[in-house]
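Visitor: So the chains spell out like this:
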Amino acid sequence: MLKTLIVILLSSVLVNNYVLSRFLGICPFLGVSKKLDQATGMGIAVTAVMLLATAVTWPIQYFILDKVGLGYMQTIVFILVIAALVQMLELLLKRFSPSLHKGLGVYLPLITTNCAVLGVAINNITDGYNFLESMVNSLGVGLGFLLAMVLFSGLRSRIDETNIPKPFKGLASTLIAASFISLAFMGFAGIVDNIFG
Amino acid sequence: MMKNNNLSVLLKGLIKENPVFVLILGTCPTLATTTNVTGAFGMGIAALVVLVCSNILISLLRKIIPDSVRIPCYIVVIAGFVTIVQMVVHAFFPSLYDMLGVYLPLITVNCIILGRAEMFASKNTVGKSALDGIGMGLGFTLALLAMSTIREVFGAASFAGVAIPFLEPYKIEFLTKAPGGMLVFGCMIALVYIITKGKAPKKTSFSCAACPNAANCLTGCSDAPDAETEKGDA
Amino acid sequence: MKKSVLSTLTLVGICAVMAILLALTNFITAPIIKQNQEAAANKALLEVMPNGEKFEKVEFDAETLPKTVTEVYKEKNGGYVITLTTTGYNSGLVIMCGINADGTVSGAVCLASQETLGKEKTYGDEFVGKKSAEVDATDTISGATKTTTAYRNAIKDAINASIILGGGTVDIRSEEEILLDNLLAALPAGEGKFTNLFIAEVISGIDAVYTADNGTGSVYVIGDEFYGVPTGGTSDNENVAAAHAVLSASTVEDIDLSAFEGLPKRLVSAKVTATGNYILEVEGAGFGIMNDEEYIHSSGEYIIVRVSITPDGKIIDTLTVYQAESEGIGDACAKESFYGQFDGKTEETYKDIDAISGATYTTNGYLKAIENAFAALKVLKGGNE
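Protein chains in written order, with this note's numbering: chain B, 1 to 197; chain H, 198 to 431; chain W, 432 to 816.
Note that these hints are calculated values from the structure, not bench results. Treat the hints with caution; some may be incorrect.
Claimed, not checked - Below, computed lysine-lysine pairings styled on DSS-like, alpha-carbon distance capped at 25 Å: (1) Lys782(W) x Lys809(W); (2) Lys465(W) x Lys67(B); (3) Lys433(W) x Lys260(H); (4) Lys325(H) x Lys260(H); (5) Lys561(W) x Lys507(W); (6) Lys34(B) x Lys166(B); (7) Lys394(H) x Lys166(B); (8) Lys474(W) x Lys505(W); (9) Lys394(H) x Lys213(H); (10) Lys624(W) x Lys498(W); (11) Lys260(H) x Lys434(W); (12) Lys696(W) x Lys745(W); (13) Lys702(W) x Lys624(W); (14) Lys562(W) x Lys552(W); (15) Lys67(B) x Lys488(W); (16) Lys561(W) x Lys505(W); (17) Lys434(W) x Lys320(H); (18) Lys166(B) x Lys213(H); (19) Lys485(W) x Lys505(W).
What the hints assert, rightly or not - If you want the footprint, here are the derived chain H segments under chain W, 3+ residues with CB under 8 Å: (20) 259-269; (21) 280-287.
For glycine and all other residues, C-beta sits at the position ideal for the given N, C-alpha and C.
Build the full structure now, drawing on both the sequences and the hints.
Guide: Below you can see the structure in the form of structure tokens.
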């Protein structure tokens, strides 16, 4: 049981990293990874929303949608739930922890349309994870996102300082750099498989 | 004049304001579904259908939807059409459904669609909105086809599943993997920059501001030096 | 306030409209999706039962069917398609097998496997049209005896399962379970734990002797008959009574190896019979171990051979107790036709045997084991004198 959870966690952080191997959440990855503090803030906010979204959408799918045969309403319900959750989280933070809101609040509205959040909620269902596994998977995906953002922010500040051909300035070189990080992460596949396989 | 105007609405999405290579929208499906031409074409058409339908409906409802709840309304409409497309694909193209997997429902959060709803459909007539949807959808499809052709032909030595034998010994399998996708995408953006000589329209003046991701998207614009200044405006 | 109510109502209205649209689409597409999924599932089933018409998944009580059965589909005309998971050379050998209503195999495919040779993929075709009794007569997969055996047993399990599902009864126990049940029937006090003494060869007229681990008695096997005799008791059968008398008189005694010096390192255990013969368990290096000591392959394991031997150094009988040699070779060396060659040999002649072709290491391992036995015999005899 514990082993299953550890494998799920490690593979969602390293092997199936949503940003680097599944291409989910690329927009904020490319957008907010410019500075380390921004990258960390966004990563933490995304992890929190993913956990919260999973905690709500998993029961909704199994105890409401599947029970009444409305499985096909999944997408529409999940995206509304995520949007509402993000809104609520922002209001709560504003009301009870203005300092935290100042740190994370600005990233919250961006998260609604972060496809990694909706992606993890849907994947938890399609992969047939139970509630605990879903939560661990969401945590792993969130941490993986954070890891990718933080790693990349360091790299990016260096790219911006270098003199590269104009057409490659900005996003083009960023994507190529992301490609190399993604290549490095591919190496984890064998490691996790062999440690726990 | 009117006709010309309509035509330009349709055509601008193809190259000049290509949503993928110029506006850098919808990067997730661009990278994820372009490992083969079939999947990319399916994704492009699915997004096109959703884009046209949601543009039409939102344009129809543009006088009814109150400003304060417009974003949730758009999301519901888009998610609804995405689900419809999802069910139709599942029923009539099961293999495509398996190929696209989670990326099919994720059309819901594709910035292109929400962006067009906010910036175009909510301000223009039904006819124009439909044309805009078709243009942008075709632009998206074309971009996906270009990416996937490069990745499949050179990465897997085949085109839409049909093998190209003489390329077989030279295939670069790396291109079909995740890092290869990013590499090709990066090069394509640089190429389009060269072709348009860096005169692509700025995102803020276009569609991205509507997208909840707008603020962070801007820094990711292809013309990064300008993006810094724009960020203040956004 | 009025404005926010209106906003909410509009949002709810749009949700309702979209929900209706979705429901309509679902109404049209759901049956098609279901049909597609059934067709896809049936496609695999049709592969093993080409004449099958309509398949329906069957829920079953796992206790009543062979343990290997994991999934069962019933076909309209009374046949079954059964999925089994078993272990060949490696675990995870998954076989799907179709059984016609008349009990013949309609087809079999290997859905997943970890076997080294990969020849199991097409092996299922061998079984088409076969009945349960004919399964063992199919051609083997050359060089893959374990895979062949596992495959055949899975097919037999499938046939048995189809008979049970059809309301019949079949013995679904494994060979070990059958043996244990027979032993327990003969000697209920044995409480389910018996040890094969492997000393039948020194007692005439008996095929095997098992003793209960809790010391309550022994079971003697002659042909298909099991004779249980409690400790201190006797039997009506002459041979059994005689054997039991010999055995009760501590015919076979364990030798305390620590009392001897200079025994070969690879002597596992030693027993001495009343007639003075020795029963020795000795090891010989299998493939992957050099010079009887150095592991050149982490997977190398010792072969254990049981040798009964007369005091003057003539081998009465040999038996492979344990071996983990490569597939194909291991099966060849575990056969009586190979190790039986040592019977009647002496220290001078034991090397005069036919080697297992292509398995020098394994053959040498056996020779080394026998050499160890002779070396041990000398020390043990010396101690007795």
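Visitor: Hint by hint, note whether the structure agrees.
Guide: A quick look at each hint next to the structure:
Annotation: proposed proximity of Lys782(W) to Lys809(W) holds, straight-line Cα distance about 18 Å (limit 25 Å). Pair hint Lys465(W) plus Lys67(B) holds up; C-alpha atoms about 18 Å apart against a cutoff of 25 Å. For the hint linking Lys433(W) to Lys260(H), the alpha-carbon distance of about 18 Å falls within 25 Å, and the restraint holds. Proximity of Lys325(H) to Lys260(H) is assessed by CA-CA distance (about 16 Å); at most 25 Å being required, the pair is judged to hold.
Restraint check for Lys561(W) and Lys507(W): the C-alpha separation of about 21 Å stays at or below 25 Å, so the hint holds. Between Lys34(B) and Lys166(B) the CA atoms are separated by roughly 19 Å; this keeps the pair inside 25 Å, and the hint holds. With a C-alpha separation of about 10 Å, the suggested pairing of Lys394(H) with Lys166(B) holds against the 25 Å cut-off. As the CA atoms of Lys474(W) and Lys505(W) are separated by approximately 15 Å, the hinted pair is consistent with the 25 Å bound.
Simply put, Lys394(H) and Lys213(H) have alpha-carbon atoms about 11 Å apart, close enough for the 25 Å limit, and the pair holds. A threshold of 25 Å between alpha carbons decides the hint, and for Lys624(W) with Lys498(W) the separation of about 22 Å falls inside it, so the pair holds. For the given pair, Lys260(H) sits about 15 Å from Lys434(W) by alpha-carbon distance, which is consistent with the 25 Å threshold. This hinted pair checks out: Lys696(W) and Lys745(W) have alpha carbons roughly 22 Å apart, not beyond 25 Å.
With a C-alpha separation of about 21 Å, the suggested pair Lys702(W) and Lys624(W) falls inside the 25 Å cut-off, and the hint holds. A distance of roughly 21 Å separates the Cα atoms of Lys562(W) and Lys552(W); the hinted pair therefore holds under the 25 Å criterion. A threshold of 25 Å between alpha carbons decides the hint, and for Lys67(B) with Lys488(W) the separation of about 22 Å falls inside it, so the pair holds. Of the supplied pair hints, the one linking Lys561(W) and Lys505(W) holds, its CA atoms being roughly 19 Å apart against a limit of 25 Å.
For a cut-off of 25 Å, the pair hint linking Lys434(W) to Lys320(H) stands: about 21 Å separates their Cα positions. The hinted pair formed by Lys166(B) and Lys213(H) meets the criterion: a straight-line CA distance of about 19 Å does not exceed 25 Å. In summary, the hint linking Lys485(W) to Lys505(W) is supported, as the alpha carbons are separated by about 8 Å, within the 25 Å threshold. Residue count for the stretch 259-269 of chain H with a Cβ under 8 Å from a Cβ of chain W: 6. That meets the three needed, and the coverage hint holds.
Chain W is given as covering the stretch 280-287 of chain H, and this holds because 5 residues of the stretch bring a CB closer than 8 Å to a CB of that chain, at least three being needed.
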